[in-house]
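The chain contents come next:
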Amino acid sequence: MKWPRLEQVDPSTLRFIALPPFFADCLLRLGEILSQRNHPDIARRLFPAPSDDEPFNAEWRVMIAPELRHLFVEAGEMVLGDLAALEPEGHWAHTFRVVFPAAHADAWMSALNEARLILGEQFGLREEDLDHPMSKFNPNNARHMAIARVWALGYLLELLVGGADAGARPENGPCL
Amino acid sequence: MVVMTMPETRTVGRPNTDAETAFDTPWNVMVYNDPINLMSYVTMVFQRVFGYPRPLAEKLMLEVHHRGRALVWTGSRERAEWYVRQLQGYQLLARMERSAL
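Chains A and B, in that order, are what the protein sequence lines are. Sequential numbering from 334 applies to the first sequence in my numbering. Sequential numbering from 6 applies to the second sequence in my numbering.
Errors might be hidden in some of the hints.
To be verified - Simulated coverage check for chain B against chain A, where a stretch passes if three residues somewhere in it have a Cβ under 8 angstroms from a Cβ of chain A:
hint: 1; stretch: 37-50
hint: 2; stretch: 60-67
hint: 3; stretch: 73-82
What the hints assert, rightly or not - Listed next, with one range per pair, are the computed distances between beta-carbon atoms:
hint: 4; chain 1: B; residue 1: S104; chain 2: A; residue 2: P472; range: 23 to 31 angstroms
hint: 5; chain 1: A; residue 1: L413; chain 2: B; residue 2: P60; range: 47 to 55 angstroms
hint: 6; chain 1: A; residue 1: P472; chain 2: B; residue 2: T79; range: 47 to 55 angstroms
Said to hold, decoys possible - Which stretches of chain A does chain B cover? Using the computed rule of at least three CB atoms under 8 angstroms from a CB of chain B, they are:
hint: 7; stretch: 351-362
hint: 8; stretch: 367-375
hint: 9; stretch: 379-390
hint: 10; stretch: 417-428
Since the hints were derived computationally from the structure, they do not count as laboratory data. C-beta atoms are modelled at their ideal positions from N, C-alpha and C, and glycine is treated no differently.
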């Protein structure tokens, strides 16, 4: 089996190649997954209280959390736009590829990480669940599928982090 | 990410402090363990946000992983607030607390 890879097409363009159908399916579900970000349980994870001081936390919820939410929404929308270019690698191919601007790499990291966190909260995943993601795997079990998706999205995120380490990312600073 | 402008400096109201020395008391930025975040991702975030060299970023990441949390920065309240906002922007579980010192 070929494993997905991240390639730098040119200084301003990246692409994921050799994406198996399951990985492509995970990417196509990103919009559905990210739409869960406002669920109260999930929002508590994505927008955690910054301190033990409740008045301070209340101000944070009003002033900072909306900025963070906007940041995550914008990143997700950017990635969903890029995913319009997801396509099979040839007429008979069973793998997919997607080309996207290198300037969107941080948005991809944000969206992939957020989707993993959302699935983790939805299904109450623990570290031990992710240590053996494929043991006793049952595709009819929603929790097992969530673990597999967290794993696949993490694989792609790891490629992006590696790319960032190698300098294959734009010269962007922190995300705010 | 997305729009990569430097953040405007917006200060949320000061956490309640009743001591004169509150202004001098350092604040700790803590990062808590999360079962989902990748170790490599957390290391990258520490490098990006604080500019820590990779060995230090990895050490702090491992402390978060093994001990459940790590003190990643200590200093002024305003700066601590800024760092917490940055870390939460990368979706890490970050909080600030007054140093016991």
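Going through the hints against the structure:
Against chain A, the stretch 37-50 of chain B contributes 8 residues with a C-beta closer than 8 angstroms to a partner C-beta. That satisfies the three-residue criterion, and the hint holds. With 0 residues carrying a beta carbon less than 8 angstroms from a beta carbon of chain A, the stretch 60-67 of chain B misses the three-residue requirement, and the given coverage is violated. Remark: the stretch 73-82 of chain B is not confirmed as covered by chain A, as 0 of its residues place a Cβ nearer than 8 angstroms to a Cβ of that chain, below the required three. For the pair S104(B) and P472(A), the beta carbons lie near 50 angstroms from each other, so the given range of 23 to 31 angstroms is not met.
Range check, L413(A) to P60(B): about 37 angstroms between beta-carbon atoms, so the 47 to 55 angstroms window is missed. At about 48 angstroms, the CB distance of P472(A) to T79(B) agrees with the hint of 47 to 55 angstroms. Judged by the Cβ-Cβ criterion of 8 angstroms, the stretch 351-362 of chain A is not covered by chain B as claimed, because only 0 of its residues qualify and three are needed. Counting residues of the stretch 367-375 of chain A whose beta-carbon sits less than 8 angstroms from any beta-carbon of chain B gives 0, not enough to reach three: the coverage restraint is violated.
Closer than 8 angstroms: that is the beta-carbon criterion, and the stretch 379-390 of chain A has 10 residues meeting it against chain B, so the requirement of 3 holds. With 0 residues having a Cβ less than 8 angstroms from any Cβ of chain B, the stretch 417-428 of chain A misses the three-residue criterion, and the hint is violated.
Violated hints for the displayed structure, listed by number in ascending order: 2, 3, 4, 5, 7, 8 and 10.
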